[in-house]
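If you read the sequences in order, they're chains A and B. Each residue of the first sequence is one higher than the one before, counting from 1 in the numbering used here. Each residue of the second sequence is one higher than the one before, counting from 1 in the numbering used here.
A hint or two may mislead.
Heads up, simulated EDC-like pairs for lysine to aspartate or glutamate below, C-alpha to C-alpha not over 16 Å straight-line [what the hints assert, rightly or not]:
hint, chain 1, residue 1, chain 2, residue 2
1, B, K98, B, E123
2, B, K98, A, D3
3, B, K186, B, E230
4, B, K69, A, D3
5, B, K186, B, E123
6, B, K41, B, E66
Just so you know, these hints were derived from the structure itself, not from any lab. Remember, predicted model here, so these are calculated numbers, not experimental data.
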Amino acid sequence: MIDPTNFAAILAMALVTYATRTAGIFLAGRLALRGRAAAAFEAIPPSVLVAVIAPTVLATGKPETLAALVTAIAATRLPLLATVGVGVASIVVLRALLL
Amino acid sequence: MDPSPPKSIFREAGDGLRDIFPLVISCVPIALLFGALGASKGLSPTEVALMSTLVFAGGAQFAAIEIWKSPAPIFLLAFSTLLINVRHVLMSASLTPKTGLFAPWQRFLGFAVLADENWALSEARARLTPLTPAYFLAMGAVFWANWVIFSTIGAFGGSLLGDPRRFGADFAFPAVFIGLIAGFWKGRTTAITVAASGAASALAYVTIGAPWHVACGAIAGIVAAFLAAETE
């Protein structure tokens, strides 16, 4: 079942999202970046990724902060799936110990 | 840089599937959780499936569920979605110059499922070898279908699994992101970027609240990189 208002809301979310995903196609040719601007542009991926998870990592609780630290150390020497495994295991252990 | 010639379509698609596989697996509990939360807010499984199909943006969808009520606040939901997803403008602008092998329709179709994960993998791929439509579309299709299927299953019965925190499944999402951040590490400038973005995001989260933390953190990190960069 689909409620008409819910449908409209989902459609609005979808259109906004598609617009953000394709807007960069039109911008790309105009961006010829060097020096500091290039460094800023290269910093976009880590900046955004950090910004999305910072509330979980820094403003949720001690187990989350410590588990993120453990995961970050794991990430420097393990592939992605193993890193995720370490992260999930460490949060379970830390929550059991600290709560 | 002298890129090696692209491999066959099947090899490229296979590489895409291999690279996305860990993320597909780690998204399963997150998708189940999303579906269960959506159902708890009164969305039908059809509506959950529709949202995952058309929006396909985990962060924005979780934020939407957080503020969802009946009747749906359309403008607020669209605005929250814009704030969280505005990063896609930068991501697609950054990836587009690496899609020289794509036909325009492949770009407009493929970018419909552009997400943090497949974008990060594509950027990493483009540093090693030319990015092909086969690699990008195979990866994107599987990642998208996985999200739709498991969020729908979650809407039907995710709540039966109980609290995802018991298995630490909720931490899979930040753990994936930490792993991806490590892949972008370039030394001092990245460290300063990460510190600035993390501090600004957490501060915005506790003072202004979601979803502003994403835009605040991202801007702080980008400005920090601009200031910290060593120029010749």
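**Report entry** Pairwise hint evaluation, B:E230 against B:K186, where the allowed Cα distance is 16 Å at most
**Finding:** 13 Å, holds
Query raised in the report: Is the Cα-Cα distance between B:K98 and B:E123 16 Å or less?
Result: The given pair, whose Cα atoms are some 8 Å apart, holds under the 16 Å limit.
Query raised in the report: Is the Cα-Cα distance between B:K186 and B:E123 16 Å or less?
Result: Since the Cα atoms of B:K186 and B:E123 sit roughly 14 Å apart, the hinted pair holds (cutoff 16 Å).
Query raised in the report: Straight-line Cα separation of B:K98 and A:D3 no greater than 16 Å?
Result: Not satisfied, since the Cα-Cα distance of roughly 41 Å exceeds 16 Å.
Query raised in the report: Given the proposed pairing of B:K69 with A:D3, does the C-alpha separation stay at or below 16 Å?
Result: Satisfied, since the Cα-Cα distance of roughly 12 Å is no more than 16 Å.
Requested in this report: Would you mind confirming whether the straight-line C-alpha gap from B:K41 to B:E66 stays at or under 16 Å?
Outcome: Status holds; Cα separation ~9 Å.
Consistency with the previously given hints fails for number 2 only.
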